[in-house]
Structures are given as structure tokens and as C-alpha cells.
Amino acid sequence: MTLQFIAPYLLPAIVTVPLLAAICNFLMASHHPRLALNALFGLAQVLLAGLLLIALSLPDTVVEMRYILAGWSAPLGIELIADGLAAILLMTTAVLYLVLSVYSALYFTDKNKGARFWPLWWLLATGLNGVFLAGDAFNIYVTLEIIGLASVALIALSGDRAALVAALRYALVGLLGSLCYLLGVALLYRAYGTLDLAQLASLAEANPLTWAALSLISVGLLLKTALLPLHFWLPPAHASAPVPVSAVLSGLVVKASFYLMVRFWLDILPVATTTLALQLLGVLGTAAIFWGCISAYRAHRLKVMVAYSTVAQVGYLFLLFPLSATSIDAWKVSGGALAAIVYFVVAHALAKSAMFIAAGNIMFSYRHDDIDGLRGIVREQPLDVFTFAIAGASLIGLPPSAGFIAKWLLLGGAISSGQWWWAAAILFGGLLAAAYIFRFLNVVFDQSQAAELSAQRHARPVPLTMALCGLALAVMAILMGFNAGWMLELLSVSAAVSA
Amino acid sequence: MFRNLELVEADSNRSGLSVGALWFCALLIAVTCGALIAAIVLSPKAPPELAALIASALPRSGVENPVTAVLLNFRSYDTLLEIAVLLIVAVAMVPGRTRVSGSRAATVNTDHNKDPMLTDLVRWLVPIAVLVSGSLLWSGAYAPGGAFQAGAVLASACIAVVLAQNHSLQWQSHRARGSLVIGLMVFVAVAIACVAITGTLLQYPGAHAASYILFIEIALTLSIAATLLLLFTCLSTTSATVERSMDGAKTGHPA
Amino acid sequence: MTQELIYSVTGIALFAIGLFGLIVAGHIVRKLVAINMMGIGVFMLFLATALHGPDTVDPIPHALVLTGIVVAVAGTCLCLWLAISISKLDNEKRKNPQQ
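So the sequence lines, in the order shown, correspond to chains F, U and R. Residue numbers for the first sequence follow my numbering, beginning at 1 and rising by one. Residue numbers for the second sequence follow my numbering, beginning at 1001 and rising by one. Residue numbers for the third sequence follow my numbering, beginning at 2001 and rising by one.
These aren't lab readings, by the way, just hints derived from the structure by calculation. All values derive from a computational prediction rather than experimental measurement. The C-beta atom is built at its ideal place from N, Cα and C for all residues, glycine as well. Hints are not guaranteed to be accurate.
With beta-carbon atoms standing in for the labels, derived distance ranges [stated by the list, open to error]:
#	chain 1	residue 1	chain 2	residue 2	range
1	U	T1107	F	V475	50 to 60 Å
2	F	M28	U	A1143	39 to 49 Å
3	F	R298	U	L1017	51 to 61 Å
4	R	K2088	U	G1034	36 to 46 Å
5	U	A1026	F	P229	16 to 26 Å
6	F	A162	U	T1107	49 to 59 Å
7	F	F5	U	I1128	21 to 31 Å
Straight-line Cα separation of at most 25 Å, DMTMM-like style, residue types lysine to aspartate or glutamate; simulated pairs [what the hints assert, rightly or not]:
#	chain 1	residue 1	chain 2	residue 2
8	F	K113	F	E64
9	U	K1045	F	D267
10	R	K2093	F	D110
11	R	K2088	F	D160
12	F	K111	F	E64
13	R	K2093	F	E205
With the sequences and hints as input, model every part of the structure.
Below, the structure is given as C-alpha cells:
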């Protein structure tokens, strides 16, 4: 069967295609072929990720694919691993990149900025794909640095002072996080003599060095995922970045370090985790939900509100850890909670990107994003407000969106494991999210002074394709709510076989 | 602590934290440091199995220096991603395209602003440095050396030339941009070619591993030298190098 | 053996001092020096794990440290470039305050 023939080449292709895209974009100085070229690379990524998903969903194939790079198997060389979780995240990355590449081709009209944007954009994709496929601890460090430095360079693209300061702050925090992670890896290498993740999983024991290593790795990754109280860098960075960059930062970059937290805590070093630590992560997550929602409600600028919303939604992700605590062994028991969190990640990536595109289009139109100055714009920008509303529905968790399915599964996990207090946090968090979403929608639908305000404002028309990109992502977030089955199956297959 | 990033104020040696907060941080860090040291001292170290594995695999790797073998054969994927990191920084910092961007990578300055001592020193130093760089690159196969060391020496030779104000650089010319990306390009091309030849990414065909490694290292040397030179000229704030080498800094960048 | 322990402890100590310096320092260049110091501390710990005896040296930590140095240089340069760009913008604003 053709898939058996192609399957061995999928993993190296997934990491090589974005590199080729970056090189091609760097060498091509002219402006015009950029949309076609980058859309083509985006489609290639989607195709590869789709083939990987199909390869892993077939009933008679392995639960994870391992690729031995350079022909030297671990611990001598580096290996790539792809299981259901990685494949779903790769697909999310690919889809988001395709839509956002189309958007970016229209967004960056300045030649210099465009020439700088596209190589960085695809190098960031290389880092993201590399993280999701990583099977070696030091390799993860290098891919984290690629992601971090590319993100910093992309945030600094707009060139105004606020963006540069936010980029510098993010750069310092990112370097600090990477160094903490590297120190943890150094301790692990000292203790176990290997850098391969699978071998570390089999050799790990619960001794002080492993606890120290896991704490350091976690602090480093939490800095990059912006969990409260280490979230201070995120709102300015995501709010002052160019629109497609904000979308990828909120949707994928913070999820990459979260993915590594999941791997290390549930897959590689679960022997070193303690119930207290898992509950602590849940407590920090709940605090992030509340603080993020309150700050989003109090935000004056639209992009800052959306950035604080990311802080809140990241908090939900960390409820995975206490909900997997009924048994500290790897995937097996946390199948339900893990499926919920993966659903959450995908739903949030789609909805948050749609929201950033809507906010970006509004900002392009009115040259500012002060919420109070956007009173009554629903008649002038119907598509963008509609996109924002649908994306907001997914973030609140209203049916039939993917966010609703994710919260439903999370609630189920919380109640069935007897930790009802997380259920209360999830429900209350949904109410708080509704608060800031509806605050914006109230202002925008307020038609009382519509005539005079629209005369004052002189809205610039937004290209239709840009608005449609946002709408496409928001609609995808809703459609995922209808078709929950295949993803849950993919995750449960990998959980059941490893049991 | 990260809220106010002071840059040039002279009295900004302290961040805005109070003395109490500083003592608390110091105490916390000291306790963590002590705990880590205790954990290291009390725990046994892993046996050197990996070193033995490398020693046994070294003859098949094509080079005799174990560090070069690890960097360019066993863990070549890490090196590939590291060159991508260098490209990220190069793309972020390269001066933007302006009207005066020509097609020549480096043009000789004809004005009389040259530093006479540096110019003479450069005349003697640069050829020697290029030879040293080449020999470091070649000897990486059997002794400490390799692409990074050779690239650093080559970059320092070019920096000496720039400091002597002998040339001005056009980073938007084809050759300059090509030199920045050629390392990554050759590495990825060889990686994909390996898929066609041996079936696995980055797996060199057994007999020719040494030549593949040398070919990649030559391209890496060029790229590393070009990137380091770019980093130096973009960060240099002395007026002479700013005017000559940061072409388009005032007009096009940050755009 | 003692030599390896000395390197490991020094590496951890450098990391801790660098971390404190990062928190305390106000000027951006001092923060970057502190980060570089933390990096050196981690590399020293890696190199300490390479010492297994008088004739057994593990080359993998050497390769990791080489990669780490290059990445650290790249990160430091990016931060410096951002700082210089911010300071240039501030200088221009100081010259034309009505801008």
C-alpha cells in the first residue's frame, strides 16, 4: 500500500519542508511570487501532517513512529518520535500556518518587512515541528531556542518602541527559561548518562537529582508557557506583535512548551512527580484563569484583552496535571483528561488566531484598537465582529464549539476523579470569559451614536480575503465541535496500547 | 524585575526592587543552589557507557576526532538546527534594502579616512588568518578544530578589515546574502541527498562519510564567518563603522 | 573524583550568581552578562559530566557545549541589537521631542 511506502519519509519531510521554505524565501528578493510560494509550502505541510495522522489512525499500524536520524540509533544519535498527540499538534500547526500564510501575504505590504518576515516565519515553523517530533532532550533545547529567537525577531518586526521593549523582555525571559531547562538536562545526563527521552523514561528513578532536574525543567518550560506568576511578559509581547505573529504565538508557541511539560511530567519522568506538585500546577492554573479573565475584562485595548485571554486559557491547560493524578503512571489513566486538554489546545489555537485576525483587521481599519473608541462598528465591520463572536463562543465554551467539547470532557474528568473543586473553577472561568467577551460585544453592538461616530471614524476597508481568513479559522473551531470522534479515537488508541 | 528595562541611564545599576525583596531573592537562590549542590554530591554519576559506544563507532564515522564525529555525524541534526539559529539572527539583523544597495558585496573605500596602522597590519594579518582558518577546518577531522573554530578565525580577519575601514559592505548584495545562507543550504541539500542515496536523512554513505563531512564543514565555515561578521557590524556603534557598514540603518531598519 | 565535583559545584554556583545578577541588575547589558554567566555555569556542569577518569573522556558534552555556545552568542547578539534599536529610537525622540 502506498502509505507504507511513504510513511518512513514523513517525519524527516515534516522537519525539512519548513527549512526549505525558509531558504527559498530568503533567496527570493522579489515580492510577487510570495503568496503562491508560501501557500504551496503551507499546503505541503498540511499534506504531510494529514498523511501522518492517517498513518497513525490505521488499525494495524504502530502506535508511534520512530525515525532514527543519520542512521545512528539512540543513545548515540538523535531520534524523532511521532505519536497521536504529536500528530494532532503537527496538524494544528500546519492548518494554522496555511491560513495565516495567506493572511500574511496580504498583511505585509512593505517589501523590507516582508523580506524579513517570511524566512523567520518558516524558521519558527521548523522549530515548532521539531519540538513536536523531538525524541532527544538536548535537541529540544535547540528547537526551543529556534522558537524563542524566531518569535523575538518576529515581534520586533514592527519596529516601534513598545514592540521592541516587549521583544527584549520576551528574549530575556526566553533565554532564562532555556537555561533553566538546559541545567535540568545537564543534571539528567549526569544521573542517567543518556539524552534520549525513551531511555530516560525507562531509567528514571525518584531520587533528589531527578526531582531537582524535573523542577528546573518545569520552571524553564513554565516561563515559556506563561503560567501565572511567570506570565508578565506575555500580554505586551502578544499585543504589540504583528497580527499573524500574535496568532502563532498565542496559538502554537506557548503550546509547544506546554506539550513538553506534558511529555516530561506524564511520559518521561512520572516517577519523580508528586501529588502535591500536580495539585500545585492545578492551583496555579486556576489562579491564571481568574487573573487572566479579570485582566482581560479591565483591558482598554482590544489586542491586550485578547492577550490576557491567552493567559487565562493557558491556565485551563494546567488542569490536566491534577486530573491525571489518580494514578501517577503515564498516559493510561489520564486518557480522558489528556483528550480534553488536546481538544482544548486545538480549539484554543483556532479560536485565538481567529480572534487576533479579527482584532488586527479592526485595528487596520480604524488605526487604533481602543475598545471604547469602537462603539457601534458592527455595521461597518460585520465579518470581523462575527468572527470575534464565534471565536469568543468557543473560548467561553458555548455549544456547539470545540471549546464546549473540551470543557465538557474536562468537567467529566474532574467529577469522575472526585476533585469537584476543579469543576467549580472551570465553570466559574467560563462565566468570567463570558464577561470580557460580552463587554466587547456590548460596545461594538451599541448603535445609539452610530451615525455621528461612523462619520468621525473614516474606516479603511479591509481586504476581503483577510477577513475571510479569520472567519475560516473561527468556523473551523465550531466544526471541530461537531466531529469530536476521530481525535478522541486517535488519542485513546495510543493510550490503550501502551497500557 | 523585568518591567522597566533601563538602557543608558548611568545610575540604573539596581532594578526597582526593595532591599527586602532583594534579600528574599538572594536567600531563595542560595537555598536552591545549596539543594542542587547537595543533590549532585549525594547522587552517583552514571557509568560512561556512551563514551564506550562512541569509541566503538568512531571508525565508521569518517573522522578521527570524536567531537567532530558527534557534531557532524552522530548528532548532525543538532548542528543543522544550530545553523538555523544563526540564520534567524542574521535575518533579524541584516540591514534593509535601500536605494543605494549595489550588487557588489564589498567595495573598497577610496577616501583617506583609513587608519594607516591598521591598514598595514591587516595587509599582513588577513592572509595568515585565512590560512589558519583553512588549517583549522582541515584538522578538525583528527584534532580539535572544525567549522566553528575556522569560521570564528575567518570572521575575526574580516572584522579586522572592517575596523581598518578599508572596505564597506553591502549586505543586500547577492553574494553577501548567499554567504549567509549557504551553510544551511548545503547542509539541507546534503541531508536530502542522503535520503536518496542511503534512505535515511543525514546518513552519509559509508565509504565517503569523510568527504561529505568536509563538504558540509566548508559551507558551514563560510556561513558562520559571514554571520559573525554581520553580527559585529550591526552591533558596532562607532560612527565610522555605522556609516559605512550599516547601510540603510537610518532609513530602512528597523523598518 | 574531586576535580569533577569542583567543576560541578562551580557551575551551579555560577548559575546561581548569574540568576541573582539577572534579578538585581537594572541596565540591560548587565542583565545580558548575567545570562551569559548562567550559560557558562551550565556548560561547566556539562563538561564536569564528561570527566570519567584519566583516560575516558565523553565527547558528547563537548559537542553539546559547542552548540550551546553558538546559541548563546546568537541570543545575546539579538538582545543587544534590540537594546541598541530601542536606544536609537529614544535618542531620536530626544532630538525631536515634537515627533
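Results for each hint:
1. Roughly 54 Å separates the CB atoms of T1107 (chain U) and V475 (chain F), a value that falls within the hinted 50 to 60 Å.
2. A hinted range of 39 to 49 Å for the beta carbons of M28 (chain F) and A1143 (chain U) is consistent with their spacing of about 40 Å.
3. Evaluation of the 51 to 61 Å hint for R298 (chain F) and L1017 (chain U) yields a failure: the beta carbon distance comes to about 25 Å.
4. Between K2088 (chain R) and G1034 (chain U) the beta carbons are some 43 Å apart, a value that agrees with the proposed interval 36 to 46 Å.
5. As the Cβ distance of A1026 (chain U) to P229 (chain F) is approximately 19 Å, the hint placing it in 16 to 26 Å holds.
6. As the Cβ distance of A162 (chain F) to T1107 (chain U) is approximately 37 Å, the hint placing it in 49 to 59 Å is violated.
7. A hinted range of 21 to 31 Å is violated for the C-beta pair F5 (chain F) and I1128 (chain U), which are about 54 Å apart.
8. Among the hinted pairs, K113 (chain F) with E64 (chain F) is inconsistent with the structure: their alpha-carbon atoms are about 40 Å apart, more than 25 Å.
9. The straight-line distance between the Cα atoms of K1045 (chain U) and D267 (chain F) is roughly 23 Å, inside the 25 Å bound, and the hint therefore holds.
10. Distance restraint check for K2093 (chain R) and D110 (chain F): the Cα-Cα separation of roughly 23 Å lies within the 25 Å cut-off, and the hinted pair is therefore satisfied.
11. Among the hinted pairs, K2088 (chain R) with D160 (chain F) is consistent with the structure: their alpha-carbon atoms are about 11 Å apart, no more than 25 Å.
12. This hinted pair does not check out: K111 (chain F) and E64 (chain F) have alpha carbons roughly 43 Å apart, beyond 25 Å.
13. Of the pairs offered as hints, the one joining K2093 (chain R) and E205 (chain F) is violated, with about 58 Å between alpha carbons and a cut-off of 25 Å exceeded.
Against the hints set out earlier in the document, violations occur for numbers 3, 6, 7, 8, 12, 13.
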